[in-house]
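6 protein chains.
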Amino acid sequence: MPFISFDGPKLTKEQKENLVKGLTEVSSEVLKMPKEIISIVIRENEAENVGVGGELLVNRHKK
Amino acid sequence: MPFISFDGPKLTKEQKENLVKGLTEVSSEVLKMPKEIISIVIRENEAENVGVGGELLVNRHKK
Amino acid sequence: MPFISFDGPKLTKEQKENLVKGLTEVSSEVLKMPKEIISIVIRENEAENVGVGGELLVNRHKK
Amino acid sequence: MPFISFDGPKLTKEQKENLVKGLTEVSSEVLKMPKEIISIVIRENEAENVGVGGELLVNRHKK
Amino acid sequence: MPFISFDGPKLTKEQKENLVKGLTEVSSEVLKMPKEIISIVIRENEAENVGVGGELLVNRHKK
Amino acid sequence: MPFISFDGPKLTKEQKENLVKGLTEVSSEVLKMPKEIISIVIRENEAENVGVGGELLVNRHKK
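Which chain is which? The protein sequence lines are V, A, U, G, F and Z, in order.
Just so we're aligned, residue 340 is where the first sequence starts under the numbering used here, counting upward by one.
Just so we're aligned, residue 340 is where the second sequence starts under the numbering used here, counting upward by one.
Just so we're aligned, residue 340 is where the third sequence starts under the numbering used here, counting upward by one.
Just so we're aligned, residue 340 is where the fourth sequence starts under the numbering used here, counting upward by one.
Just so we're aligned, residue 340 is where the fifth sequence starts under the numbering used here, counting upward by one.
Just so we're aligned, residue 340 is where the sixth sequence starts under the numbering used here, counting upward by one.
So here's chain V without its partners, still in its complex pose (with noise of 0.2 Å):
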């Protein structure tokens, strides 16, 4: 703890590194906690598995 579950789209490996660093200093700045105690998962989704205003979002790309 803290635990952070970080839902978006397909991401290149040096995003998951500025991603990873960049949230875990904020959370530990903010909580006054070690880096250490903060574990984060990266959830990687389809646009076919996501939906925003009632469609999917692959199928808003496309217009």
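Hint data in this document are derived by calculation from the structure and do not stem from the laboratory.
Heads up, a few of these hints could be off.
Remember, identical chains collapse to one label, so a pair may be satisfied in a single copy or spanning two.
In the DSSO-like style, the derived pairs of lysine-lysine whose C-alpha atoms are separated by at most 27 Å in a straight line are [as the list claims (entries may be wrong)]: (1) K401 / K360; (2) K349 / K360; (3) K371 / K349.
Please build the complex by placing chains A, U, G, F and Z on the supplied structure of chain V, with the hints as guidance.
For chains A, U, G, F and Z alone, kept in the frame of chain V given last:
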């Protein structure tokens, strides 16, 4: 917000379209909120990764 | 399975009844699965615990 | 989308504001996405509801 | 990591202690990982916030 | 309900069987509930998608 996480089996694209459409309509109507702010993530799970009653689904299906 | 986690605001009991009824019907129909095996958890969140666009909802509502 | 679920301890309103601001900025920058589409839910957990190393946090804190 | 999210009813402190102890032991044994790196969050849900078979648990319990 | 979400590394089928069996037994015993109503989802995460202490697990493992 609202955010819906749907854990279920593998689905066809058509099922995903109907699921997102239907879940969004119900949520929008009940909460009197615009569809645009409702997001959904569909998490497709292998039967080997789901347990019910202490057994993997993949093994229960074989019986 | 399927399991639905619904993150949203505080709701009345009647809204929860309609939400569970509607989400279950849609899921059962699309997946051709019996309603009995569909479970839903409604997570009610204070506006102070939800962020959109970098701000707490409770602060956005004041504008 | 993206959607961030943050599981952690009780926080002050100021901490929540800083957390949402910081996590959104990092995500927006790394993913090159507008802040407006990034939502965050902060889940505050009692120390009695969190386990680490097989023990409740509330009991570990007493040692 | 590993991280376990347990969604269930209201529990006593003793139940939470036994649950965290047991779930950690099983996970540590199966994954051959030290208990120290296993975290668990217990999410207690009101029966009014849980739906099964299209109905709120609180209403099913009345039958 | 109860519903357990298990976030961890890649597992063999045998590990999944033992994990589901063990977690269900502990939950059923502690909550005095039938195994049949306990569902579990195992989320296998690549080491590149997990962050601890501000670093991706895949990079920590190289050290």
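Now the hints, each set against the structure:
{"no.": "1", "hint": "K401 / K360", "verdict": "between (33 Å within a copy, 17 Å between copies)"}
{"no.": "2", "hint": "K349 / K360", "verdict": "both (18 Å within a copy, 23 Å between copies)"}
{"no.": "3", "hint": "K371 / K349", "verdict": "between (31 Å within a copy, 13 Å between copies)"}
Against the hints set out earlier in the document, no violation occurs for any number.
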